Structure formats: structure tokens, C-alpha cells
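*Asks:* Sequence:
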Amino acid sequence: MARTKKTKTRTPLQQEADNPSVRPKSDAGEALFDIVTRSQKSFRELIDSFDRIAFNLSLAGQFRVVNRQFADVLGLPFAEIVNHPVEEFIAEPTREELAQALPRFVENRSWSGVVRVRWRRHQKVRFYDCTLYAVMKNGEVSGISGLARDISEQWEAESRFADLFGTLQEGVYFASPAGEFLDVNPAAMRMLGYENKEELLKPPADRHFANAAEREALIAELQKCGFVRDHELSLRRKNGSLLHARNSSVAIRDAKGEFVRFQGSLVDITDREQMEKRLREEQEFVRRLIASFPDVIAVLDTNGRYTFVSPRVQETLGYTPEEFIGLRLEERPHPEDRERLLDFFRRLTTGETSFGTAEYRTAHKEGGWRTIRANASPLTNADGRIIGVVASARDVTESRRIEEQLLRSEKLAAIGQMVSGVAHELNNPLTAILGVSDLLRERATDDVSRRQSELIHQQARRAAELVQGLLMFSRPSQLQSQSVRAAELVAKALELRKSELQARHIKVQVDAAANLPPVDVNPNHMIQVLVNLISNAEQAIGSARDYGQIAVRVAQANGKQEILLDDDGPGIQPELRSKIFDPFFTTRRSSGGSGLGLTIALVIVKEHGGTIEAQTSPLGGARLRILLPVAKGAAPAVKSDNATKSTRPAHGELKGCSILVVDDEEGVRELIEEGLKARGANVSAVATVEEAWKRLQKGDYDLVLCDLNLGRESGTDLFKEVSSRTSQAFPQFIVMTGEFLDAQQISKLEIKGARTLQKPFQISELIALVQQALSNPEPKISKP
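Using numbering that gives the first Met the number 0, read the sequence shown as starting at 0 and increasing by one per residue.
The set of hints was computed from the structure by calculation and includes no laboratory data.
One or more of the hints may lead you astray.
[As the list claims (entries may be wrong)] Here are the computed lysine-lysine pairs in the DSS-like style, where the Cα-Cα straight-line distance is at most 30 Å:
{"hint": "1", "residue 1": "K578", "residue 2": "K410"}
{"hint": "2", "residue 1": "K497", "residue 2": "K578"}
{"hint": "3", "residue 1": "K136", "residue 2": "K196"}
{"hint": "4", "residue 1": "K751", "residue 2": "K676"}
[As the list claims (entries may be wrong)] Computed beta-carbon distance windows for the label pairs:
{"hint": "5", "residue 1": "R544", "residue 2": "E669", "range": "48 to 58 Å"}
{"hint": "6", "residue 1": "L341", "residue 2": "Q168", "range": "22 to 32 Å"}
{"hint": "7", "residue 1": "V447", "residue 2": "G619", "range": "46 to 56 Å"}
{"hint": "8", "residue 1": "K697", "residue 2": "P428", "range": "52 to 62 Å"}
{"hint": "9", "residue 1": "R461", "residue 2": "A512", "range": "35 to 45 Å"}
{"hint": "10", "residue 1": "P428", "residue 2": "Q451", "range": "51 to 61 Å"}
Bear in mind that the values here come from a model prediction, so they are computed numbers and not experimental data.
Backbone N, C-alpha and C fix where the C-beta goes; we use that ideal spot for every residue, glycine too.
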């Protein structure tokens, strides 16, 4: 049945006193019982009034008596405690530990100290200041009486103080009014060079003060003000050396206000000064390191605001570091790069990535965009929490341009290898077509046939020029440069495009500085470059309107000759600027553009040691900028015509000449044979080196016209064979080739006595070279 009212727990003696049935019957006995009962009640009230735990134990470890404080701690009634063993309520100390301590207690008959107790009921650990006394009976110890006071909070506070006192890195001390150390912590011992505290506190303790006047001044100040802040002291270490310390002390007074002691802390300022010096040196080192680092060092908080930027930023972007502080990350990058840059920053600040690289464009203070490559990682505090981002940024504008040029060069080389073979194979049929068209033009008897043969010839010539461009692109020749003035090249190119410019109503302005040194170039090829650029400008302007303006400027720039060609057309879109020099890239495919004009221009300019790049023109359109090396002391060359003037030799000019034609292409072989026979030459035509050698052994030929590539054989093999085996002087040699021979290759053949003829060629060109070889023969090399 549940109790609705809490009843007071009563001891067995109280219960017996309240029960009349157990009282003695006699009057004397009843009186005695009342006296005992009152005595027990008084004893119970006495021990229940204690503010400490009171208990009585048998030597066997059973509780005999406990007071109310004890019962309240356990939360149990007396009946469930009395006559129950200690281990039923206390987990620590254990019964074994108590049994081990019992003999010494019986011997001494008393004990006092602090006991750590863990109650079994609620598993709490408490500390008690405990005093135990022996209960004697017939001169023997029969039990234990004890009082215990809960000092857990005080004990924990003192433990924390002791831990703090022992672990402080500053020296802490307690001293008497006379300045004698009463206690010190381990840090103070280390400062003074002692390992044993007793040795340090050994009198006279004031011997540690190196200067008595300093000690007296300190005590006087404490008596007067009650405290001292950052007072410098000179103390003497165990080894006799001086310790310079910064001291802060406070006076301790008793209830009467008497100065009883003082306590304070010591800081070894020698170590601190050395540490501060090292820190200043390290900070200066870091500052100098950051200042001399080639990259810009920047720190941003998690909101994307700059908190630090190294001075290098002014050299890189024109802004001072102060102009960046507080600025948001997205305020200066190019609009097209902002979202990607912010996503990169987000991944760093969220810990999604621990390191990364981003490349983006950002504004320069003086205008324009610079390409920046930044390496960044999260910045964390001592707890490992991300508090920002630290980055190193480098201006890679120029290196990116060089990389793009290198990539373009590699791409050009790869494509060049492919087109070289195609172009070589095209040269043979083009040679036949050009030759046949020449013959048809010569034999045409009416206007229609003449016009048709002329059309065939023009289109074949156009194809031949395209093939020559492909060959030049695939294998740039080492041109024989001449010293010529750039202004003359510009004038010649404009003259060649004069009629087209006038037809499109395009005004041309030329600005050439006076007394400019000449440049080392091949005039015809450089004129070809300029004509291509002018033609591109014409068509760009024509795509926008029926009139326009082109400005050409020739000047000196950084030791080189600069040619700037500007137009006021629609310009080049930024995303296409890096592609316009790619092979076969064109924006005017419908108007017949091949996409090789600028590629060939790039190849020619680079072959001359120059550069060419596209920019935005001040006129609003495109600007092509060419840089060429200045001639090294060579005299200016005579102006050269861009077009080759062909001559048409008359019939019969080669009459009586004996010529051997060696070519594995039947159509080319027949064409050459027919063209030479038409001019009176005696011609033999074969397809292989073996057949040619047989013919040469049987007959004496004035000239051998041999293809360079004859399947698995080479025309140079025949040349070497003839020059080495023939006892008499060997015939003149003309080597024909569909490949693009550079100046060095041509020179090697000419030194050995052979001339070269580039396919495709016209019959008139062939006849002219044959006539030259027969009328002005090279020295015939005899057998070695």
C-alpha cells in the first residue's frame, strides 16, 4: 500500500520505547528503562545533528550505527543499512583494501586523512575528510567509530590549482615578507636551475635575489601599493648565472590587514627577448621571401574578400596591395571566368578539395586582361577549421601565348606531314595538266580553243600554287634572304592590290618612318605575305560595307622592324583569334577561301625569324602585327618582281640536243618528251634508274632530266652512279621533284653539278632551264 505521508525512520531503541508491552513491570525497572530510553534518544538526536557523516563499524566491516546524514547520502532507511556490510554500499575502497589497512589501524587505534569513495548505489565518486577512532572493550579494539566530511568540491578545486600550479610555464612563487621563497612551481625551479625543491627553499632563501636593493624596493612597493606589475628583477641561478625576469606580484594580508606574504609570477625575459628577436627575424624573412617571390601571394576569408596581398601584385596587375584589401574575389576577373573561379573557391572553402589550380583572366589597372594561373589551398586555424584560402598567382599571359604557339606549331607539323605526301602526289598530274595546257595554247587556232586552254591553264596554275603553299607549309624552306627595306615591300604589295582596293573604295594610308634599316627577307615571299594580309583586310571590310580604310605603319620596335596593318572592318572575334593561323580555317569558305593564306604567312614570317599576331585595331577592325629582324650590315637589294615572267622559246631551239628523260609517271614522261621533241631535241624517255643506266652506257647524252623520287629508287642514285662510273665527263643533270626543297638541299645538288626544277612546272619553264643548262653548263665532274 503506497504511503501518502512520509514517516520518519525510527531506530530499534525508539520503537522499543514506544511499545508499552516490552517495558519492565516494576516501578524501579520502569524508571530505569525511561532513563535509558531518554539517553538513547538524546544520543540519536546528538549524532543526527552532526553536519558530517557519523558511523560505527564492527571489525568484520558491518555498520552498527549510522546517523541521518549517512542515511541521506545513501537514500536508504536505517533498517537497510545497519547490520549490513560496507561493500554492499561502497564500491571503492574495496573490502580487500580495507582489510589490508585494518591491522595498522588496530595498532595505532586512530587514523585521519582524505578518502576517495565511490558509492555503489549511484556510482558517484566523492572525497571525504575522515577521522576514525577505535572502540575499546575490555582493553581490546572491538569496533570503529568515524566522522567524515564531504570535501569533494574543495578537493577538486585544490587539485585543479595544484595541476595549474605545476603545469604553468611561468614561474609562480610564494614568499615571506622578508623575501624568502616559501614555495615555487616547477617552472620557477627550471628558471633558477634547480631539480629539487627542498634545495631551492633551503635557507636563506633570499639568496636568490642578486641585488638586495631590488628586493627591498619590491617589498616596499608591495607594502605601499599592494601589487607590482612587470617589475624587472635580477635573480641568481644555481650555477651563479643571472636570470633577468619580469615579475608581477600581489601582497597577501590577514584579517587585521597585516602583510603576511606575497605571491607572484616570473617570466624569463631573456628567453622572451631571444624569442621575440627570432620572431622578428622570421617575420622579416617571411616578408622578404614573399616580397621576392615571383608569384603574387594572396589570402582571402571565407566570404571571398582579400585580407592580404603581397607587393608583387603591383608589378603584375598595376594595383597596390591596399587596393585589393577588402575587395571581393569576383570584382576584377573577366565576366566569362567569374562563375568558374567562384566555384573553384567554393570547393576550397567547403573542404571538397584540399588543393587546386585555376586559370582565369583578370583586369590590369592600365587596361586589358592578363591571364593568371593560381594555385590555392584552404587556410585553417589551430582547430583545423577552414577560415579562408591562401593562393599563389602568376601572370602566365606570355607563357600561355608561347604554349599556344607551340601547340599550333606541333599541330602544323602534324598536319604538314600529312599534306606533304598529298601535295607531292598532286604535283605530277598538275605538271601534266600545265604542260598540256601550254601545248594547247600554243596550238590553238581559234578564239574559243585559245580561251578554253587559257582557262585550263589558269585553274591548273591556281591548283599548283595551292600545292606549293601546302609544301611550303609542310616543310618551310631555308630561303635565301636579301637585304631590303620593309617600306618597299609594302609599296609593292599595295601596288599589286591597287585595282581591287580602288574597286572596293578602300583608302590606304601608309606611314613609314624615315631612315629605317633594311630587313633580311626573301622579297617575293614577304610580298606574298603582305598581299595575303591586304586581301584578307579587303574582304573583311567588304563583308561589312562598300568602303573602308586600311592603314599600314612601318617602324622600329625593340631592335626589330614592325609592320602594322590595320583595317576598319568587323574585326576578329576573341574566341577566333587563336584559330585564324590554323590550316584550312576560314570564315569565308563560300567566297572561295582555302584557309591556307594566314597559315602560309605565319610559316614564311617564322622562317625569316619573325613573328606575326592578330590584335584589335584602333580603327575598330583587325590589326596584324609583323616583327622582322633587322639586316646585319647587308646592302639593300634591288627590287624584285613578285611574278615570274615566262618566256616562250621558239621551235627548233634545242635541235640536235640529246636528252634522256627519267620519270616513273607516264603522263609526265610523255608530256616532257613531246615538249622537248617539239623544239627539235632528240629525246629518250625511261621509267627506272636501271633503264636509264643502260641508255647512258649505250649513248652519249647532253642532258639528263631525272625525277628525284622514282618509287623505291632515287634520282640522286642515278646521278651518283653516272658521276662515279663514267670515265669521261658526264652529261648535265636537271633533278625534277614534287617535294619542296630548301636552299640547303638545292645548294648540295648545285655543288655536285646538278640543277633543280620544282614540280609542277610549265613547259616554258622547263625549256628555259634546259637551254640554260646547255648554254651555260656547270663544270662536269670527272670520275674521282
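*Asks:* Now look at each hint and say whether the structure bears it out.
*Replies:* Hints, one by one, checked against the model:
1. K578 <-> K410: Between K578 and K410 the Cα gap is close to 11 Å, so the pair holds against 30 Å.
2. K497 <-> K578: 29 Å, holds
3. K136 <-> K196: Violated - the C-alpha atoms of K196 and K136 are around 47 Å apart, more than 30 Å.
4. K751 <-> K676: The given pair, whose Cα atoms are some 28 Å apart, holds under the 30 Å limit.
5. R544 <-> E669: 48 to 58 Å: 52 Å, holds
6. L341 <-> Q168: 22 to 32 Å: 45 Å, violated
7. V447 <-> G619: 46 to 56 Å: 49 Å, holds
8. K697 <-> P428: 52 to 62 Å: 31 Å, violated
9. R461 <-> A512: 35 to 45 Å: Since the Cβ atoms of R461 and A512 sit about 37 Å apart, the hinted range of 35 to 45 Å holds.
10. P428 <-> Q451: 51 to 61 Å: Taking Cβ atoms as reference, P428 and Q451 lie about 19 Å apart, which means the hint is violated.
This entry does not satisfy hints 3, 6, 8 and 10, going by the numbered hints stated previously.
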